[in-house]
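**Student:** I would like the entire structure built from these sequences, with the hints used as guidance.
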Amino acid sequence: MSVTDALPPAPDVGGPQQALLAVKGLSKHFAVGGRLFRTGGVVRAVDDVSFSVDKGEVLGIVGESGCGKSTTARLIIGLIAPDAGEITLDGEPVGPALSLRELRRRVQMVFQDSYASLNPRLTIEDTIAFGPKVHGVAVNEARSRAHELLRKVGLDPGHFADRYPHELSGGQRQRINIARALALAPRLVILDEAVSALDKSVEAQVLNLLLDLKAEFGLTYVFISHDLNVVRFISDRVIVMYLGEVVESGPVETLWADARHPYTRALLAAMPSLDPDQRTQEAPIAGDPPNPIDPPSGCRFHTRCPYAENVCSSTVPKLMSTGNDRHAAACHMVDPASGHSKATAQAIRRRAQSATDRPPDAEAAHA
Amino acid sequence: MTAVADDLVRIAVVDKARGYWTNVGRRLMRDPVSVTCALVLIIIALAAILAPWLGLADPYQGSMIRRLRPIGTPNYPLGTDELGRDMLTRLIYGGRLSLLIGLLPVVLAFVIGTTLGVIAGYVGGLVNQAIMRTIDVFYAFPSVLLAIAISGALGAGITNSLVSLTIVFIPPIVRVAESVTTGVRNLDFVDAARASGAGAMTIMRVHVLGNVLGPIFVYATSLISVCMILAAGLSFLGLGTRPPEPEWGLMLNTLRTAIYINPWVAALPGAMIFMVSICFNLLSDGLRSAMDVRD
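Residue numbers (our numbering), protein chains in the order written: chain Y, 4 to 370; chain P, 12 to 306.
These aren't lab readings, by the way, just hints derived from the structure by calculation.
Yeah, the Cβ is synthetic: ideal placement off N, Cα and C, and Gly gets one too.
Hints are not guaranteed to be accurate.
Stated by the list, open to error - Non-contacting residues of chain P with respect to chain Y, defined by C-beta distances greater than 10 Å in every case (computed):
| id | residue |
| --- | --- |
| 1 | Val46 |
| 2 | Thr47 |
| 3 | Asp69 |
| 4 | Gly135 |
| 5 | Gly136 |
| 6 | Tyr150 |
| 7 | Pro153 |
| 8 | Ser154 |
| 9 | Ile159 |
| 10 | Pro183 |
| 11 | Leu198 |
| 12 | Gly210 |
| 13 | Asn222 |
| 14 | Val237 |
| 15 | Arg267 |
| 16 | Asp296 |
What the hints assert, rightly or not - Okay, the calculated bits of chain Y under chain P, using three or more residues with CB under 8 Å as the criterion:
| id | segment |
| --- | --- |
| 17 | 97 to 111 |
| 18 | 117 to 129 |
| 19 | 133 to 141 |
**Tutor:** Structure (structure tokens):
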């Protein structure tokens, strides 16, 4: 007996070379404060975001509160409709080729609030079996699948199946949420701050569980978090968001070792350190993020950036490759042609470096 | 997967035979207040239904010389009314119409109002506006006036007063249903259900209804007593029950004139209305706690 009997996972279409999820030009603007006969402002929650997730990898998305991480997650799974942009799952664009219903079977989500995301009136078993039943699995089959999944997430079905969410601890509830997400045999699971509300010890257990499940079911994760330590632990690649835009993306170790965007550097510098000699003395960036209703012109970070120059407030920087493999940043200092004083200096240094390593690499930004 | 684990699953599945409502029923049986109220209501309802077979006096047979006898008169344990008819008989027979007229409009309004309110709350947007603004129109009139107006327009008769009372009770139930549904709709588990590909109807049935029925139900049961009193008012105006017919509200109104002569007898129909409505209220309260799985 296997959980995949009644509802097999969607087949792999494009092979390992094709990205599982490709997001292109995704935008979502929310109208706010409109009154009668007067239109209010527009919050650019997600603005022209593009990225891709390879099969079997964990993509971390980091950023401050309100930077559009969760909106991005909800856009991918179709809980809110995008204003612009296109989402492609394993080569099939959502909409024309892939129905929303089928998308939601292949992509599942785990929410941050483990209690609010479980129906208080349903038993654990009914909660997990709900999705498969919706997709036409027989009641008994759905139930035994729920039991099997409970065992997979480390909970004894005999003890937990008939319980209600309020009888469980936060960690147990989040395991239930993971089991519920896996019940539809998805290929991609979006973890939206899935471990942020847990105790540190429980968080570690759940993270390890997530890695085990990923290996067992061949899953791909999009891991959204504000906790950089956790993101570094679990992710293969990371994208950094600021005010609804992607400011930097790259493999996790490259990003940690060689962050190019001042915002990423500030985020990393803001991490609490256990080493007293490394203690953060002053805040790496001052102030709150600007109001997303009326974001700053040019580079959105220029109001808080220590290296801001005239070009930063006038021209929007494009996400471009830093020369390293798959590492890209949206900063004028990365672009030698931007006119930023630090850009030319950095470019010269890099050219000198790459002349010794390998030929200059003019590859377009990986996005 | 081993055979042992297979057996484990099967045993657990069989064990899960009792459902949510069985649990609610069990919790309700453990509450002495609810059990008492349920018993009182069952006795009153059974007596009303079985009235013709209980060997009671004729509820319409009056006697001019035995009018307004006090409680405890031989052969008339609860006295007689202003036309000399046996009060006990009339109270028991009166339960038939009173319970029907108190319950049926509320039940109908509960079904219609919950449906409209949950749809308005879940779908939101234009649908919500359309339903809620229509409901607001009914709010413009005081409920008594509205009931009289509809009853008057439809003509006298029990069926028409049932219809008018149903219409009167739909708007407040829609309001309550809409507000609790709006609260539930924004919770993550509804998003999670949407994310599993379920349609709006399935989500409303499985995830919304169970979480909103409790408060709506308790509110609706509190309307039963109001409904009985409104029905009595309609009867008094000649729009509901007609005079010789025994009905608590109508009896209360006709005995009103005897309140200085024999106040205890005159108060009896009122006591019946009070008893039934308080029992419904306490029972609905008990049911609400029994439905709350967190207790």
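**Student:** Hint by hint, note whether the structure agrees.
**Tutor:** Right, here's what the structure says about each hint:
1. Val46: 24 Å, holds
2. Thr47: Answer for Thr47(P): holds, closest chain Y Cβ roughly 27 Å.
3. Asp69: 51 Å, holds
4. Gly135: 13 Å, holds
5. Gly136: 13 Å, holds
6. Tyr150: For Tyr150(P), whose nearest Cβ neighbour in chain Y is about 22 Å away, the distance exceeds 10 Å, so it holds.
7. Pro153: 30 Å, holds
8. Ser154: 31 Å, holds
9. Ile159: 37 Å, holds
10. Pro183: 24 Å, holds
11. Leu198: About 5 Å separates Leu198(P) from the closest Cβ of chain Y, which leaves it inside 10 Å; violated.
12. Gly210: Not fine: 8 Å to the nearest Cβ puts Gly210(P) too close to chain Y.
13. Asn222: For Asn222(P), whose nearest Cβ neighbour in chain Y is about 6 Å away, the distance does not exceed 10 Å, so it is violated.
14. Val237: Per Cβ check, Val237(P) is outside 10 Å of chain Y; nearest 29 Å; holds.
15. Arg267: 47 Å, holds
16. Asp296: Correct as stated: the minimum Cβ-Cβ distance to chain Y is 19 Å, above 10 Å.
17. 97 to 111: holds (count 6)
18. 117 to 129: holds (count 9)
19. 133 to 141: Check passed, 4 qualifying residues.
Hint compliance for this structure: hints 11, 12, 13 are not met, and every other hint is.
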